[in-house]
Amino acid sequence: MQGPPIWQRLLAALAYLLPWSDAVPFGRSLVGLFPPLQWLSLPALPIMLLQQAVPFGGFILFLVLFLAVVRNANVPYLIRFNVLQAILVDILLILVSLAFQVFGLEGLGFAGRTLANTVFLGTLLLALFGVVESLRGREAEVPSLSQAVRMQLY
Numbered sequence: 033m034q035g036p037p038i039w040q041r042l043l044a045a046l047a048y049l050l051p052w053s054d055a056v057p058f059g060r061s062l063v064g065l066f067p068p069l070q071w072l073s074l075p076a077l078p079i080m081l082l083q084q085a086v087p088f089g090g091f092i093l094f095l096v097l098f099l100a101v102v103r104n105a106n107v108p109y110l111i112r113f114n115v116l117q118a119i120l121v122d123i124l125l126i127l128v129s130l131a132f133q134v135f136g137l138e139g140l141g142f143a144g145r146t147l148a149n150t151v152f153l154g155t156l157l158l159a160l161f162g163v164v165e166s167l168r169g170r171e172a173e174v175p176s177l178s179q180a181v182r183m184q185l186y
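So in this note's numbering, the last one in the sequence shown is 186, and the numbering has no gaps at all.
I should point out that these hints are in silico values taken from the structure, not numbers from a laboratory.
Only a predicted model underlies this, so the values are computations on that prediction, with no experimental measurement involved.
Even glycine gets a Cβ: it sits at the ideal position worked out from N, Cα and C.
Only true hints are included.
For each label pair, taking beta carbons as the anchor points, the in silico distance ranges come out as:
{"#": "1", "residue 1": "Gln-133", "residue 2": "Leu-177", "range": "21 to 27 angstroms"}
{"#": "2", "residue 1": "Gln-84", "residue 2": "Pro-37", "range": "31 to 37 angstroms"}
{"#": "3", "residue 1": "Thr-146", "residue 2": "Gln-34", "range": "42 to 48 angstroms"}
{"#": "4", "residue 1": "Ser-61", "residue 2": "Leu-160", "range": "18 to 24 angstroms"}
{"#": "5", "residue 1": "Leu-140", "residue 2": "Tyr-186", "range": "40 to 46 angstroms"}
{"#": "6", "residue 1": "Leu-160", "residue 2": "Phe-135", "range": "26 to 32 angstroms"}
{"#": "7", "residue 1": "Tyr-186", "residue 2": "Ser-73", "range": "31 to 37 angstroms"}
{"#": "8", "residue 1": "Gln-84", "residue 2": "Gly-136", "range": "19 to 25 angstroms"}
Using the sequences and the hints, build the whole thing.
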């Protein structure tokens, strides 16, 4: 087996649970139509519970990941790359969630549900792509996002 050891690949893949935990609420209407999709939320459940149980849990998790993993030169590059990429996707999801609340997009009926489902499915595909590439020992190359990650890590 060539490339990073399996433990590094697994830790890099686990990073994508962070954005997935914030994308799960966007899929409520889709899960209502297709109940088996609720099983997709199980991997994100521990992070979702941590964010709800601990005051400022999401912010604390962000700080721990950013300071202890991304900014730590002793952590292998593959893990740092994927954690920072997952953090950036998560920040984007938080901004989209705020936009939904500010502009009342949840109450737009069909259009709001369609937009929420698109965010849900897009994040699902992005997270799956990141997990698969991490398990293969490669960087998940997402245009623009990966470039931003590399600029921060070098």
